[in-house]
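Asks: Given next are the chains, with one letter for each unit.
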Amino acid sequence: MASLIKKDTLWRHITVLVPYLWLLVFFLLPFGIILKISLAEPVLAQPPFSPTFDETGALSVNTDNFAFLFRDKLYALTYLKSVLMAAAATICCLLLGFPIAYGIARSDPRTRSLLLLLIVLPFWISFLLRVYAWMGLLGNYGVINNFLMWLGITAQPIQILYTDFAIFLGLAYSYLPFMILPLYATLERMDLDLVDAAMDLGASRTTAFWDITWPLARAGVIAGCMLVFIPAMGEYVIPYLLGGPDALLIGRVLFDEFYVNRDWPLASAVAIMLLVLLVVPIVVLQRNQARDEEQAI
Amino acid sequence: MRKQSRFILSVLAFGYAFLYLPLLSVIFYSFNDSRLATVWGGFSTRWYGELFRNEQILDATFLSFRIAATSATLATIFGTMAGLMLVRFGRFRGRTLFSGMITAPLVMPEVITGLSLLLLFVTFQQWFGWPGQRGFSTITIAHTTFSMAYVAVIVRSRLSQMDQSLEEAAMDLGCRPARVVFDITLPLIVPAMVSGWLLAFTLSLDDLVIASFVSGPGSNTLPMYIFSKVKLGVTPDVNALASLFILIVTVTLFTAWFLTNRRARKV
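Chains as they are written, first to last, in this note's numbering: chain A, 1 to 297; chain B, 1 to 267.
Hints in this document: simulated from the structure, not taken from any laboratory. Warning: the hint list may mix true and false statements.
Claimed, not checked - In silico negatives: residues of chain B with every beta carbon more than 10 Å from chain A: (1) Phe-7; (2) Tyr-29; (3) Ser-44; (4) Thr-45; (5) Tyr-48; (6) Glu-50; (7) Thr-70; (8) Ala-152; (9) Leu-159; (10) Met-162; (11) Glu-167; (12) Leu-173; (13) Pro-187; (14) Thr-202; (15) Leu-259; (16) Asn-261.
As the list claims (entries may be wrong) - In silico lysine-lysine, DSSO-like type, Cα no more than 30 Å apart, as pairs: (17) B/Lys-231 x A/Lys-81; (18) A/Lys-73 x B/Lys-229; (19) B/Lys-229 x A/Lys-81; (20) A/Lys-36 x A/Lys-73; (21) A/Lys-36 x A/Lys-81.
Unchecked claim - In silico negatives: residues of chain A with every beta carbon more than 12 Å from chain B: (22) Lys-36; (23) Glu-41; (24) Leu-69; (25) Arg-71; (26) Asp-72; (27) Arg-189; (28) Ala-203; (29) Glu-235.
Every residue, glycine too, gets a C-beta built ideally from N, C-alpha and C.
Could you put the whole structure together from the sequences, leaning on the hints where they help?
Replies: What follows is the structure in structure tokens.
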């Protein structure tokens with residue numbers, strides 16, 4: 001009997017250890033390495049950064065990369081622009097996503113499952129190809145410009161592709177489902193009689209919305225906003241394909257710093273700074289999810 | 001069912017049009033005979049034919065499918081283990097760190113994950129001489145790491161909804177914990193594992209940024225090939241490829257939807 005129990009604890013240990021070690025090695029350790037390299041100096045070598053301990057064995061730490069990020073206005077502007085772009089996309093997704101999620105949650109069950117399917121479907125189609133689809137729509141001789149010229153609204157094509165507006169459209173389009181799904185999940189749980197009761201007691205439609213629907217949907221709003229904002233901050237494909245050559249968003253700057261300038265330490269420092277910016281939204285999201293889970297039980 | 005307000009209906013219509021118009025326009029232009037992708041040159045299916053004659057696309061697709069199948073299988077195994085330990089094992093040392101590590105990849109920007117993993121592989125190569133070449137193995141490891149988080153979320157939510165009485169009954173009857181898991185818990189969460197596998201497969205097939213970081217010269221996945229082509233603008237054969245993607249996904253999802261709906265109505 002004792003040996004049987006021992007065998008079971010062994011099995012239990014394996015179940016715990018395998019995923020645990022995997023994540024330690026391939027998720028946590030890499031962040032340590034990024035941090036280490038962000039404190040190195042760029043050198044012309046393979047790999048192109050100085051070792052943490054020099055020949056004499058002394059620790060060599062170089063904070064120039066971070067100092068450079070703070071000194072150079074370009075980087076501050078890039079971070080600011082990424083935040084603004086991601087925030088604008090998040091707000092647009094919320095304004096569009098809330099009524100959509102509300103409409104889906106209030107439709108009859110069979111239509112509802114079809115409507116949900118149509119929201120999830122784009123998820124399964126390649127992200128890259130969905131962004132690509134906008135290139136065909138927005139181009140100078142793309143669908144939208146051709147249509148506008150056919151209507152006679154404009155004689156010359158309007159430059160939409162390769163502008164900041166195109167990046168904004170691409171972000172809002174790609175991340176809209178991430179907003180709708182958590183909103184739908186909370187709105188669907190909501191008791192509609194509460195709204196009716198409030199309106200019976202004389203509340204206007206607007207009052208009922210702000211006093212009842214909005215507070216009850218809060219967990220979904222927070223989850224949706226964070227799920228759009230966080231990945232949008234580091235987006236690389238959308239600014240590259242839809243933005244102009246000077247569309248400096250942080251994900252793209254990181255990529256270029258790494259591959260074009262081959263400055264690995266600076267690229268690592270850019271990544272660390274992006275992570276620092278994202279700590280607050282990530283913590284907000286995790287807290288919100290934990291609270292929501294507790295309430296659901 | 002109460003009637004929807006006119007405002008909600010018009011936003012719904014606008015929202016779905018916003019989601020689907022770009023896809024429809026790609027499908028429409030994939031049948032365009034002209035080499036200039038945005039000028040209509042008559043109906044033709046020649047770009048579809050060219051897809052199947054393009055060796056680079058076929059090679060890249062084959063590599064992508066191999067990576068997707070391997071990483072989805074690994075991610076399902078590890079993700080299920082992670083879900084089990086989070087829901088069924090109670091408190092253990094390092095639980096907070098673990099639940100943080102398993103949810104963080106869900107929101108981590110791809111550029112950070114990609115860069116950090118590449119630097120890890122470079123460091124490993126300095127220390128251990130492995131991996132000698134970056135390609136299939138490194139991309140598979142990277143994809144397993146982020147998609148096991150998705151599998152863990154799905155398995156976890158299924159497990160926490162599940163009634164524990166069956167497992168408790170088996171234990172009361174003297175079944176060993178390991179047997180309980182294999183004979184009772186796992187068969188009950190198979191649907192969650194299947195959807196986790198499918199999601200992991202799709203995520204892997206979809207990923208461009210992380211794969212670009214951790215792959216070496218000569219190994220191009222399908223998204224990497226597509227990206228290198230569309231960087232320069234719209235091309236007709238990518239239109240055809242995108243349309244094929246849309247067609248396969250739509251048919252699969254609608255079939256699944258139809259089958260589950262029919263089963264739900266029978267019950």
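Asks: What hint numbers does the structure not satisfy?
Replies: 1, 2, 8, 14, 16, 18, 22, 29
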